[in-house]
Structure formats: structure tokens, C-alpha cells
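From first to last, the protein sequence lines are chains U and R.
Everything in the first sequence is counted per my numbering, starting at 701 for the first residue and increasing by one.
Everything in the second sequence is counted per my numbering, starting at 125 for the first residue and increasing by one.
Honestly, I wouldn't trust all of these hints.
Stated by the list, open to error - Calculated lysine-lysine pairs in the DSS-like style (CA-CA distance at most 30 Å, straight line):
id : chain 1 : residue 1 : chain 2 : residue 2
1  : R       : 457       : U       : 1155
2  : R       : 148       : U       : 1162
3  : U       : 756       : R       : 139
4  : U       : 1026      : U       : 1080
5  : U       : 766       : R       : 139
6  : U       : 1082      : U       : 1103
To be clear, the hints were calculated from the coordinates, so they are not data collected in a lab.
Listed below, chain by chain, are the residues.
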Amino acid sequence: MANLTPELEAERKRICKIAKDCGLDFFETVFELITYDQISQIASYGGFPVRYPHWKFGMEYEQLSKSYEYGLSKIYEMVINTDPCYAYLMEGNSMMDQKLVMAHVYGHCDFFKNNVWFSKTNRKMMDEMANHATRIRRYIDRHGYETVERFIDSCLSIENLIDRHSILNGPAKFVEEAPVTERSPNLFKVEKSYMRNYINPPAEIEKERQRQAENQQQARFPSSPVRDVLSFLIHYAPLEDWQQDILTIIRNEAYYFAPQGMTKTMNEGWASYWHSHMMTRHVLNDSEIIDFADHHSGTTFMQMGGYNPYKVGIELFRDIEERWNKGRFGRDWENCDDVREKKNWDKKTGLGRDKIFEVRKIYNDVTFIDEFLTEDFCVKNKMFVYKLNKETNKFEVDTRDFKAIKAQLLFQMANFGQPIIKIVDANFENRGELLLEHVHEGLDLQPNYMDATMKNLFLLWKRPINMITIMSNEPQLFRFDGKEYTKHSLTAEKPTDDNSMGNLAASSTVSNTGSNTP
Amino acid sequence: MAIREDQNRFKTIIKGKVREDFKKYVTNGELIGRREGEFVKIPLPRIDIPTFRYGPKQDEQGVGQGDGDPQNGQPQQGQPGNGQGQAGENPGEHMLEVEVTMEELADILGEQLELPRILPKGSKNLVAEKNRYSGIAPVGPEGLRKFKQTYKKALTRYISSGTYTPDDPVIIPIRRDYQYRTVKKTQMPHTKAVVIYMMDVSGSMGDEQKEIVRLESFWINTWLKKHYKGLETRFIIHDAAAKEVDEDTFFKTSESGGTLISSAYKLCQQIIQQDYPFDEWNVYPFHFSDGDNWSGEDTRLCMTLLKDFFLPNVNVFSYGQVESKYGSGQFLKDLQKEFDNDERITLSQIDGRDKILDSIKDFLKKGK
């Protein structure tokens, strides 16, 4: 890893100053100049030089290097959310490219620092990632590579089951006391695992269990549905110490990356907006204009029918700036029906620049689109909804209706493309079974993946896993008991918020879905 | 580099060597490149860890940008990719499109099939001598003087005798310092190879069969071209009589007539004797047929030709039998009986398009 050449360093200082003059606010940013191979490796690792050993990074690397070898794609830059910010430039790019990238990076750094959804992320993640890697390597030494790998795979299977809305408060610490249940008799806290059988000898545990079975209370546990499934499992699943630690690591990393997934469009749009502004107004010399135009258009290129977050993001920011400069907001604007009046509307309010700074601070992709994707914007940018035509097996334009467009986009983004899954009961049927609920919002869960994931959950919870969902318009309860899948139709009302289950019509249909192979 | 370990682990899993339980999660994605206007797909397997996610219906719908009239249901060019995917951990990846060359495709083929490099036969190599001026000596003609080395020598002399002054770094070489380029003879192996493709175009070889032959010979050709820069190819078609043709005709001829395989072998022999003396050329005859020869007598004639002429002299003789509903497949059995363990002949049965890769592997795995 090398520092910048004197020439690049001079440019960097200049661009840094320009960025600050434009109002961008960022942590100190350290640039490194590295080879393509190094940047591929870092990109495979999500931006960090060190991660725990796992084939998924190898898979990314395989794809990235093949992609580059066969000339199909090229990474230009990489920047991560830390303090100081680390950014990587690729050796061999032209000076113009490097300048563009630096300008783009400062845009990202400003976003990371100021957008509220990132406010609770760990800015010292560099060290933290290395620490995670060390811990996991230690477990690998102690328990064997394949054992640890299999466990990590089951964790990754549920890595998306976090509570995204808790991000603003920082990842929640789960504090609820577990009531005494059949499966967790009062155990004395054990410091070292080898002492376990001495401090809590199995015979004693059995006696304790029987004692409790007699005083069994029917308390609902958890008392309200839990969306941070990972946290719940960390505390209550029967895991060995090392497993608990690994699950904690996976959860930490998931929460760290979550804001990035939630703000992709905005972040890219913001960075593109600024690189475009800085390059064209301050940085480029005449000879570089054409190359810049070429590069920029390549980045913001949107293939017919494709969705490019850079493009939509930058256009939205520009639109917001124009509207707030011209006063095209507020009640008068909303109520105006005259097309011509709207077209010529210009109150010269000049609030555009301030507004976009405010927007980049507060919004995430969902609220961004919800508020600022207007009908005018859709028309101006020729947006449409596409659908698969089953007969021709081709994608076709379905509608240009604004409401449909917005609904579709929001849907794609809502919960950031992930289904909402909650733990509803951790002592289901009083047998310590886990009951999950999928909050159905119009789309079914993919059945094969659902089955396989439930199987992974079973490996962690060690008791049967149940899932309430709606599949093909029928409310169903799916169950995996360690050996086979069964399916029950739920004829009663859908569970209400206080989680009264209603009748479980267990006898109506029991069928083995037999879908062990997705 | 730590990532290489992860990469190797990934590759080992993909090959199914470990974690067999993962086989079902392997999806065969592809990279798509453009070559001369056509799309080229490069297979890229991925392992998909199952998670709770939405079903296929969601991929059928999404938002895009551009022209298109909803009334006419205008189809879009360029199918949309999956809009979901994992939340991106990497802000800032730009995409550019470039081309893939045939050379690279051949490399991929070699990698995928784990083909060994071909060893050209020792005696068939013409060795060409080349003069390279890479040596160095203290005597030589003035025209071959080496500037840097000369001055370096002078500098060493100055320093060792203590007369070098950094403030006034003037160096004057003397006769003794001069260095000259000299000739070094190097040998450049010069391998020549020819592939002779023979195809049965009798009534029993249909379009599908010819297509299989075409695909297979294309890839074999690409692979061999990689190893022999000046690869020559000759094409023979035969039914009851054999004829040499060019590449286009080889693939386009429609079927007719009976089948006399010996006609092709005789013509092949003629071509070799005329143009490709064995001591100078690596010869690779390939014959594709559906195995239905006219008579046992003709088959015997082929065996004699093979035994006496071809096998002793060619690198490898390869026979590929495609399945056809008219053919009996007898020829393959005869060859197997006659030349069961003979290393110089390679036999392969091509049951259908899916078996093409396996067949190529059969042909090329020996590395000859």
C-alpha cells in the first residue's frame, strides 16, 4: 500500500479545500494508492483489509477478479465509514480519473459523517474488524475449520434479521429477563465451560426441571414481538461460548453495514452530485473535460430498464435543489393546478443548496423517495414500472402511472428489500419451540429458502422452529422439527398485536412439504 | 494473501469436494461480455446461502427509466438484473464493458476442464537458431559498444583507485574499460501442427449431429490453436466417397449417400503423405461419425489403415461417435475391440449436446 505521489497529493489538497469551501464536512480522509489486485481484495472484504476467514469473501474475490480479467468491470474507488476515513485509489488510472474519484470520495465521507442513520456506527471499525478476525481464528484453532465454517454459515443465514429501525438508537441491548421455562432451569452462572458439569451437574438440573414443571406459569415470552432476532438468539439459544461470540460478531457487523444498505441511492447520488459540481466548476482543466464527460456518463448510465442508484440519486438531488431555489414547494405549489403557471414558477427563494444539505442529513432511501419522488420528476425522467410478460417471457413496460411507480420503488426499498420477521413466542406450545411471524405486506416468502433457513435456525435453537406466514393467499404455519417439515393451515383470524393466537386448526392439513433441497 | 485462502476454499466447495451439503446452493450465474456485437457468457458459479427473502414473483416487477409505450407493452432491450441483492457494502463501484478474446475463452475452457498442456513430440520439432546480442565481452567491434557498462567499469576503476570526486564527477573511460555486445545463439523450438477433421455426412447424420460435431470441433480447434501458433486445419467430408472441402462447406453439407469410412481414411492418408511429412509435423486426425459403416469388410480395411499408417505416426488419432437414430454405432465397438488399450487412439461417445464437454475432455486429457 503506497501513499499518494506528490502530484496526486497536491491535487488531493486542492480538492479537499474546494470540498470544504463547498460546505462539505468530513473526518480526516486518508488515501492510499494500490494495485487492482489489492483493491479487489479489499472490495471483497467489504472495504476492510482484514476480515475473518470465510469462503464468501473468496466468492466475491473470484467474481471481481474474473470480471476484471475478462474486461467486464473495473473498480475505481473504495471508501469506508470510519474516522479517519480510509479511501483507496487504483494505480494506473488517469489523473483525471483520480481527481474525479477524490471528489467523489469526499462526497461519501461527508455523507457518512453527517447522515443521521450513521450516527451510531462504530467509526473505529477498522480495529474492530481485525479483532473479530482474531477471535474467529482462535476458535478455528480450537474447534476446527469446518466446524466453525458451518456455524458461521448458519449465522449468515439469518444475518438480515436485525431491527433496522433501532439503528438510530444504536443496536439495542436485549434486557428482558427470561422467565423460567422447561428448558432453562435455574442454572448457576458458570465461568469456565469445563466446570459446567461440576457446578451444574446433570442430575441436579433434572431435579430442578421437575420442580419447575410443577410451578409452571404461562407467561408470554418474549412479552412483545422481537425484531432483533440475532440478539434474542445470542441471549437465549443454547449455544456454546464460542458460538455465542461468533453470533455476536455477525450481529455487530450486520448493524454496522445496515445504514449503508439503507442509504445507497442517496449516498451515491450525493457523491455524484458533488464530484460533478466540483469537477466541472473548479477542478478540471480544459483538456480533461471530454474524458470527464465520458467517465461521468458511464457511471450514471442507466440501461433501458435498469435502475442505477447513481443516476436516480443525483437527479433527485438536482431536482430538490432546483425546486427549493425556485420556491416550488409548500401548500401553494401543491395546490396549484395550472400547468403553465407551474412551468414558469420561480419565486427565487434560493434555498436549494441549504435544502439538499438538510436532506442528506436526515433522510434515508425510503423517506427520500417517499417525499421527493414527485410526479413531475417521474415524467421528466421517463420513469416506468416494468413487469414480466409471462407469454413472451420478456420484460415490458407496464405503466407510467406515477402512483404505481412510487409504490413499486418504495416496495423494493421498504425494509430495504427484506421481509419483516419477528419472534413472537420462544416457548411455543410450552415446549420451548420458537415461533416466528412473517408480517406479510403483499409478497410471499420464497418457500425453498424459507425451509432451508428454518433448518439453519433449528441448528441454533435446537428445538422445533415454527413460522406463521401467508402463502398463496392462505395463512399457514410451517414447522420444522429437526427431521421433517409440516404445514398447517390457519383458519382462525390472523394474530393481532397482542399476540393472541386464536385457534390453531392443527388437524386440518398436515403435509410433508419434503422440500429439503431448494 | 489471506483472500487467496478464502478463494481456494470457495473453489473447493464449488467443485463439490467438500461440504457436499452445499451442492444444492450452487447457482450457475454468468458474466456477460460482448464480442463483435454478440454476447458472450462466462460461467460464474455462486453459493447462495438461504435467508428469509421474497419469492420469484418479486423479480418479475420493478422500476426502470427510458422510452417505451405501456399500451403496446414495448419489450425492453437488456433484461433487468435483480434489484434486490445484498445491501451493498461497497460504495463506489463503476462498471465498464470491454471485450473477451478467443484466447481467453480457450484459457477458460482449459481451466474448467483441467486440461493439461500439450507436449509436442520431441522429434517433430524443428529447431530454429536465432542470434541474439545478449552477451558481453571486453573486445568487439566499435559498432557494438555498450555505453552504460563501459562507464560503469570506468567508475569502478576511479572509485577503487580513489580518484573519484563527487564534486567534479567527470569520468573518462580508457581502452581497458570498454565493453561490447556479443552474439549468443539461442534455440527457438518451432512446432508445426495440423488437424485433419473428418466427418461422416451420410444419410444418417442429421442437423443435430452435425451441430454437435461443429461445436465440439470448434472448441478443440480453439484449444489446439492456443498451443500451436501456426495450426493448420484440413477438412474432409465423406459418405461413400471422400472429398476435401473448406471449413464452411464442412459444416454445411447436407446428408446423403451410404457410408464408407475407409474412403475418408484413404484421403486423409493421401493428404498427409503429400503435405505433412511426419518428421516435421504433429498430426491430429479427428473423425466424427455415427458409427454405421457399410460393411464389415470396409471396417477391416479401416483397421488396417489405422494399424499400419496412422497409429504409428500421428500424435493421437481421435474418433468421436455421435448418437443418431439411424446409426448402429457399430464402428466404435469395432475400434474398441481392435485397439482396446492402445494409447495412440482416443475414442469417445457423444450422446448429446450435454456430453460435448465430457467428450472434449476425453480427447484432450492425455496432453498429447
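| said: For a C-alpha distance cap of 30 Å, please report whether residue 148/R and residue 1162/U respect it. | reply: holds, 23 Å
| query | Straight-line Cα separation of residue 756/U and residue 139/R no greater than 30 Å? | reply | holds, 15 Å
| task | Assess, step by step, whether the Cα of residue 457/R is no farther than 30 Å from the Cα of residue 1155/U, and give holds or violated. | result | violated, 50 Å
| message | Checking one constraint from the list: CA of residue 1082/U to CA of residue 1103/U, max 30 Å. Satisfied? | response | holds, 14 Å
| task | Mind checking the alpha carbons of residue 1026/U and residue 1080/U for me, to see if they're no more than 30 Å apart? | result | With Cα atoms ~17 Å apart, residue 1026/U and residue 1080/U stay inside 30 Å; holds.
| message | Check the hint pairing residue 766/U with residue 139/R against an upper bound of 30 Å on the C-alpha distance. | response | Roughly 17 Å between the alpha carbons, so the hint for residue 766/U and residue 139/R holds.
In terms of the numbered hints stated before, the structure departs from hint 1 and from no other.
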